[in-house]
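Enquirer: The listed protein sequences correspond, in order, to chains B and Y.
Mapping to this note's numbering: the first sequence position 202 is 202, numbers consecutive.
Mapping to this note's numbering: the second sequence position 126 is 1126, numbers consecutive.
No lab work stands behind these hints: they were computed from the structure.
Quantities reported herein were computed from a predicted structural model and do not represent experimental measurements.
All C-beta atoms, glycine included, are put in the ideal place defined by N, C-alpha and C.
Treat the hints with care, since some could be wrong.
Computed footprint of chain B on chain Y; a stretch qualifies when at least three of its residues, placed anywhere within it, have a C-beta under 8 Å from a C-beta of chain B [stated by the list, open to error]:
hint : segment
1    : 1089-1101
2    : 1181-1194
3    : 1231-1243
4    : 1259-1265
5    : 1272-1281
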Amino acid sequence: MTSTLLEADAVVLPGGRGWLRRLTKSPNWVAGLIIVSFLIVIALLALLGITPFPPIQQNPAIRFAPPSAEHWLGTDQFGRDMTSRVMAGVLASLRVAIVAVAVATVVGSMAGIAAGFFGGWTDRLIGRVTDMLFAFPAILLALSIVAALGRGWINTVIAIAIVYTPIFVRVARGPVLTVRELEYVKAGRVLGLRPARVLFRHVLPNVTAPIIVQIALALSWAILTESSLSFLGLGTQPPDPSLGLMVSEARTLFARGWWLMVAPASAIVLAVVGLNLLGDGLRDVLDPTRVEGRS
Amino acid sequence: MRLYLVRRLTGSLVTLIGVAVLVFLLLRVLPGDEITARFGIESGSLTPAQRESLERYYGLDQPLVVQFFTWLGSVLTGNFGISVTSGSSVARLIGRALPVTIELAVLSTLIGAVLGVSVGVMAASNPNGFRDGAGQTFGLLGLGIPNFVIASAIIAFLAQRFGYFPAAASYVDFWEDPLINLQQQLYPALTLGVALAAATMRTTRSAFIEAASQDFVRTARGKGLSARRVKWRHVLGNSLTPIVTIVGIQFGYLLGGTIIVEEIFALPGMGRLVLTGISQREYAVVQSSVLVIAALFVVVNLLVDLAYARIDPRVRLT
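All chains, please: the whole structure from these sequences, using the hints.
Expert: Structure follows, in structure tokens:
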């Protein structure tokens, strides 16, 4: 009886069945998927060290070389190959964004689920902390945290993770409040299941859809925040390649080589737009209720 | 309504106190204290006795809670401390920087709202047509291109074409010379306005399409009103609530966006104050300006919520 009542069809994904088929019919989502896959391949190549040239190898003989067959995206003020640098920059941005959003997802969702499931003072405490973090514009909070902890990529990750955790708290808490009151969850409690089992087996599946949508969107914001911090000199430190820093340096060198700005800027825009398309497509299919963002 | 107001106000107050705690703690995490900030590397050669007396002087020997309330008390009475580098009080620095940031935020909001609503209505007038596609591409790119990229591109263009570089020293106050001031504010405001226009456009488009499908629109057309009148008066009028909300929310976010844009365009506003504070390790400056921006953010969000309830009588306040 337990299995039929509690485990069959207990999971109601907001999108219902056939969501994957509907996803592939959304041109935006497919475009986003292609862009993001392309960037992931680039990042993996950079991770394995497969770039046309070493990203930090200088060559004074070919400073400011325009795009050519050998140097697809030209070279910079030290004669470093821009293709390799942009590839390494994409890797750096994605690495920070993925680790930070992973931390934010796990911590935020667990806190949100706990708040919604247990209610009472747990809910109030978590809600207060969330409100507090929401009271800062994202970039200001990230800046302040980096200023407090010092520079370096781990601290950038911590800062971005803290900034985006509250979003996951809110996204996870909402559905839990609804699910908690559903018959099959109540039934599970009445039957004497351990709270942990009710939580993981019956509540968690219902919040996965909105969380997945939020992951895609948070990744795009995280890339924005990471590149903004790097742009301000508070993220990845030179000589390590970073897209934000490259755009920042290109400002004064624009007259010597437009590609110095266009190449890294396009990579950032591609990443942000790709993840946005992916997230929008997922949201349309999985989660019809819009979720508030943070910029 | 009154109950809602009281609850919302106390909620914001609690949040503000939380913000103060967070900002205070952040400063305690920062490596080095006020003594190191004051004496630099020489602080390493202080004798324990000297150190102890300095700690007593700065109140660092007190428990954290006492330190917090001492700090909060002085902040509430307008004493934000002294900026060592510039020699003037932090309150004065903020007093000079805040109007710059607020002016930038207001201008960007104006640009963003006008541009966003126009493009949104254009896109929604003929859903899935060519102009809709163009509008939606604008929306996607406007949100996808970071403001520092737009700003850098504008700077690079201005420098190459006109040999113009913005400098903080040459900033002219609005009351001194409005024309020059507006010229200096124009490009940063455009930069921030694009992202805001993109968000506004997306909201306008969906609200407009939804309103256009309602019965009263058919009635209005049926009684012989011109298409233009129906479009601007009936449809847009009924999609205003979400538009006003998104513009209000974005105004709050602008306070964050200004940080980077001010830095790039060398506008002496709050964002620049924070950033130079960080690079010069001026804790009093960083702490106070972060607190002021966050407080402003909370207040703006509160006002948006209240305005929302005011505009749309259907909103039930509980």
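Enquirer: For each hint, tell me whether it holds in the structure or not.
Expert: Structure-based check of all given hints:
Only when three residues or more bring their CB closer than 8 Å to a CB of chain B does the claim for the segment 1089-1101 of chain Y stand; here the count is 0, and the claim is violated. Taking a C-beta to C-beta cut-off of 8 Å, the segment 1181-1194 of chain Y contributes 0 residues in contact with chain B, too few for the three needed, and the coverage statement is violated. Coverage of the segment 1231-1243 of chain Y by chain B is violated in this model, with 0 residues showing a Cβ closer than 8 Å to a Cβ of that chain against a need of three. For a cut-off of 8 Å, the count of residues in the segment 1259-1265 of chain Y with a CB near a CB of chain B stands at 4, and the three-residue condition holds.
For a cut-off of 8 Å, the count of residues in the segment 1272-1281 of chain Y with a CB near a CB of chain B stands at 3, and the three-residue condition holds.
Comparing the model with each numbered hint stated earlier shows that hints 1, 2, 3 do not hold.
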